[in-house]
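Protein chains in written order, with numbering that gives the first Met the number 0: chain A, 0 to 493; chain B, 0 to 86.
Do not take every clue at face value.
With a straight-line Cα cutoff of 25 Å, these simulated PhoX-like cross-link-like pairs (lysine-lysine) come out [stated by the list, open to error]:
1. 8/B to 64/B
2. 55/B to 8/B
3. 79/B to 64/B
4. 55/B to 78/B
5. 55/B to 291/A
6. 291/A to 8/B
To give an idea of the chain A side of the interface with chain B (calculated C-beta under 10 Å), a few residues [said to hold, decoys possible]:
7. 157
8. 158
9. 283
10. 286
11. 287
12. 288
13. 289
14. 291
15. 292
16. 440
17. 442
18. 444
19. 445
20. 447
21. 448
22. 449
Read the hints as simulated data drawn from the structure, not as lab findings.
Backbone N, C-alpha and C define an ideal beta-carbon position, used for all residues, glycine too.
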Amino acid sequence: MTYDYAVIGAGVSGITCALTLARSGHQVALIEQAPRTAPLLRGFSRHGVHFDTGFHYTGGLGPGEPLELFLRYLGVGDRIETFCFDERGFDLFRCDAPAFEFSFPIGFANLREQLAATFPAERQAIESYLEQVAAAGQAMPYLNLEAELSQESLLQRVIGPSLREVLDRLTGNELLKSLLSVHSLLYGVSSREVPFALHAAIAGSYYQSVRGIRGGGLSLARAFDARLAELGVTVLCSRQATAIELSPGGAVSGVRLADGELVPCAAAIATVHPQLLLDLVPEGAFRPVYRKRLASLEETVSAVLCFATCDAPIPGLSGSNRFYIPDTAAMDELGGRAVGRGALYLSAAYRDGDPVPAGFIGICPALYSDVAAWQSRRGERPTGYAEYKEEALERLTAQITRAYPELSGHIRSIEASTPLTVSDYCATPLGGLYGVKHMVGQYNPQPATRVPGLFLSGQAVASPGVMGAVLAGLVTCGTLLGHDRIRKELKGCC
Amino acid sequence: MTEQEIVAKINSSLAEEFEYDLAAMTPETTLFEDMGLDSLDVVDLVIVLETAFNMKVREEEAIRKIRTLGDIHEFVIAKKRQLEGDR
Ligand SMILES: Cc1cc2nc3c(=O)[nH]c(=O)nc-3n(C[C@H](O)[C@H](O)[C@H](O)COP(=O)(O)OP(=O)(O)OC[C@H]3O[C@@H](n4cnc5c(N)ncnc54)[C@H](O)[C@@H]3O)c2cc1C
Numbered sequence: 000m001t002y003d004y005a006v007i008g009a010g011v012s013g014i015t016c017a018l019t020l021a022r023s024g025h026q027v028a029l030i031e032q033a034p035r036t037a038p039l040l041r042g043f044s045r046h047g048v049h050f051d052t053g054f055h056y057t058g059g060l061g062p063g064e065p066l067e068l069f070l071r072y073l074g075v076g077d078r079i080e081t082f083c084f085d086e087r088g089f090d091l092f093r094c095d096a097p098a099f100e101f102s103f104p105i106g107f108a109n110l111r112e113q114l115a116a117t118f119p120a121e122r123q124a125i126e127s128y129l130e131q132v133a134a135a136g137q138a139m140p141y142l143n144l145e146a147e148l149s150q151e152s153l154l155q156r157v158i159g160p161s162l163r164e165v166l167d168r169l170t171g172n173e174l175l176k177s178l179l180s181v182h183s184l185l186y187g188v189s190s191r192e193v194p195f196a197l198h199a200a201i202a203g204s205y206y207q208s209v210r211g212i213r214g215g216g217l218s219l220a221r222a223f224d225a226r227l228a229e230l231g232v233t234v235l236c237s238r239q240a241t242a243i244e245l246s247p248g249g250a251v252s253g254v255r256l257a258d259g260e261l262v263p264c265a266a267a268i269a270t271v272h273p274q275l276l277l278d279l280v281p282e283g284a285f286r287p288v289y290r291k292r293l294a295s296l297e298e299t300v301s302a303v304l305c306f307a308t309c310d311a312p313i314p315g316l317s318g319s320n321r322f323y324i325p326d327t328a329a330m331d332e333l334g335g336r337a338v339g340r341g342a343l344y345l346s347a348a349y350r351d352g353d354p355v356p357a358g359f360i361g362i363c364p365a366l367y368s369d370v371a372a373w374q375s376r377r378g379e380r381p382t383g384y385a386e387y388k389e390e391a392l393e394r395l396t397a398q399i400t401r402a403y404p405e406l407s408g409h410i411r412s413i414e415a416s417t418p419l420t421v422s423d424y425c426a427t428p429l430g431g432l433y434g435v436k437h438m439v440g441q442y443n444p445q446p447a448t449r450v451p452g453l454f455l456s457g458q459a460v461a462s463p464g465v466m467g468a469v470l471a472g473l474v475t476c477g478t479l480l481g482h483d484r485i486r487k488e489l490k491g492c493c
Numbered sequence: 000m001t002e003q004e005i006v007a008k009i010n011s012s013l014a015e016e017f018e019y020d021l022a023a024m025t026p027e028t029t030l031f032e033d034m035g036l037d038s039l040d041v042v043d044l045v046i047v048l049e050t051a052f053n054m055k056v057r058e059e060e061a062i063r064k065i066r067t068l069g070d071i072h073e074f075v076i077a078k079k080r081q082l083e084g085d086r
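Produce the entire structure from the sequences given, and follow the hints as far as they go.
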């Protein structure tokens with residue numbers, strides 16, 4: 000049988016595409032190289048503790064907010080249970096030099112007052128910053144269904160300004176600037192590079208409301224699976240796409256899998272990292288300029304991650320995450336410092352069904368170039384790599400226990416992942432946590448391509464994060480089925 | 000750079016990146032009909048010009064109005080003059 004659409008990659012964006020197209024009556028095949036769909040959402044367990052990897056928390060999931068609406072539209076909203084993070088502090092920020100702590104409260108008004116109480120001389124800058132964030136979020140055509148869908152400016156994000164430029168215009172207070180840049184860890188691009196519009200859409204959604212999902216990302220993955228089955232999507236897991244095949248006329252005719260099988264289709268949607276896409280299409284299908292453009296997209300920051308279980312419950316970690324920086328310059332150099340010297344992010348991990356955290360995941364931005372020398376096939380890494388990994392784990396553990404003495408002495412087991420692991424796990428060639436950057440001066444691809452029947456989606460197209468990936472899926476389906484139609488259907492779910 | 004050099008550089012860059020016959024390029028050549036570009040290619044066109052002349056192109060309105068190769072020549076020549084004037 001010939002499918003109407005073959006979707007390559009069953010991450011959040013690919014699943015969103017498959018569900019949106021299937022709900023419109025199309026025959027869809029969803030192709031994923033990992034053994035299960037949505038590998039980033041599923042996380043993994045160690046010593047009875049479940050670690051979420053690609054989803055800890057999100058904005059936009061409160062009642063009536065964009066992501067909550069999108070998930071209802073996709074038919075999974077009532078299959079998951081969400082919970083609100085701590086209203087008084089969803090993220091706890093700590094800096095050593097100068098010694099400083101701040102709890103990000105939920106809600107723009109609360110955040111404004113808390114910031115103004117902490118930085119009384121900066122009230123005007125704070126108010127102006129938050130107003131600009133709110134306005135930029137309102138201008139996003141899918142996040143706000145009332146916003147004008149005039150042909151979106153080609154260059155808006157590329158031109159900037161960057162977050163840093165906006166902050167520099169508002170204030171000279173470096174501590175405040177670091178504090179307001181700390182969420183750059185959520186998209187993996189430094190404040191000097193990230194377009195303010197993108198920062199505002201992401202950080203602003205968290206300022207508004209912050210939620211997690213009971214049972215973590217795994218619950219969302221299961222809800223997606225149930226809905227895919229319900230809509231009759233053919234899900235092909237453990238199947239890697241190796242080529243997008245074209246007819247003699249140059250249009251998409253099928254997707255070739257590693258085992259040689261062909262999935263015939265009238266159109267294909269690739270949600271993979273743009274650089275991986277280049278290996279899938281025949282050499283002459285794209286123009287040289289487009290090929291070069293995809294090949295040279297910069298990658299988001301990578302990381303050394305650690306997964307720790309604790310011998311005692313750690314109530315302090317529930318309902319909020321921790322951001323730590325040794326000094327205010329640390330936020331400018333995302334990944335540019337040795338492990339244990341830069342920024343750090345901690346998030347709780349739970350034992351099955353237990354409301355009190357029993358462990359945590361730590362993320363420390365790092366560069367792929369630190370480990371590139373050991374790049375080779377999985378399971379065959381040379382010895383120098385083991386030493387690097389051991390040292391990285393030691394440094395990271397030392398930093399965590401220095402920054403959070405309450406954890407010291409309670410860590411029972413701890414394991415590390417390096418940028419090489421991240422590269423395998425996130426299917427990003429250079430280990431980027433969020434695929435390619437969205438940055439000032441960089442032109443990311445749009446859903447349509449020159450090849451008839453070939454479309455792109457994924458975090459590279461819209462923005463990173465679960466909400467960004469869902470958005471990417473909707474925007475791509477809007478290109479296919481008509482934006483007005485998708486928006487009308489979404490409004491029907493309001 | 001003389002205007003002639005600029006024109007030559009534009010033509011050779013576009014011929015290479017968009018796989019078009021350099022010999023067939025005149026100022027009257029239309030991007031959409033003759034060269035087969037479409038609205039999707041506008042971003043790539045901007046990138047080719049940015050790379051060839053090591054400059055940032057931010058004039059969205061002007062770019063959208065471009066129809067022929069001659070329009071591109073004029074745009075780049077004016078932009079280069081402006082940049083030199085700024086210096
Ligand atoms: C450590 C970490 C923490 C995060 N925390 C959060 C968070 O708290 N909140 C939040 O909102 N977001 C978070 N994110 C980001 C979020 O997980 C991602 O932005 C989102 O899941 C990306 O979805 P996607 O569909 O664009 O890409 P992906 O999920 O990467 O989907 C692409 C899929 O394509 C598959 N694939 C690649 N090549 C092929 C091929 N040739 N054939 C078949 N399949 C292929 C891959 O296996 C993958 O499953 C986090 C990410 C990381 C790494």
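To see whether the hints hold, each was checked on the structure:
| no. | hint | in the structure |
| --- | --- | --- |
| 1 | 8/B to 64/B | holds (21 Å) |
| 2 | 55/B to 8/B | holds (17 Å) |
| 3 | 79/B to 64/B | holds (18 Å) |
| 4 | 55/B to 78/B | holds (10 Å) |
| 5 | 55/B to 291/A | holds (18 Å) |
| 6 | 291/A to 8/B | holds (19 Å) |
| 7 | 157 | holds (8 Å) |
| 8 | 158 | holds (5 Å) |
| 9 | 283 | holds (9 Å) |
| 10 | 286 | holds (6 Å) |
| 11 | 287 | holds (5 Å) |
| 12 | 288 | holds (4 Å) |
| 13 | 289 | holds (6 Å) |
| 14 | 291 | holds (8 Å) |
| 15 | 292 | holds (6 Å) |
| 16 | 440 | holds (7 Å) |
| 17 | 442 | holds (5 Å) |
| 18 | 444 | holds (9 Å) |
| 19 | 445 | holds (7 Å) |
| 20 | 447 | holds (6 Å) |
| 21 | 448 | holds (7 Å) |
| 22 | 449 | holds (6 Å) |
Violated hints for the displayed structure: none, as all numbered hints are satisfied.
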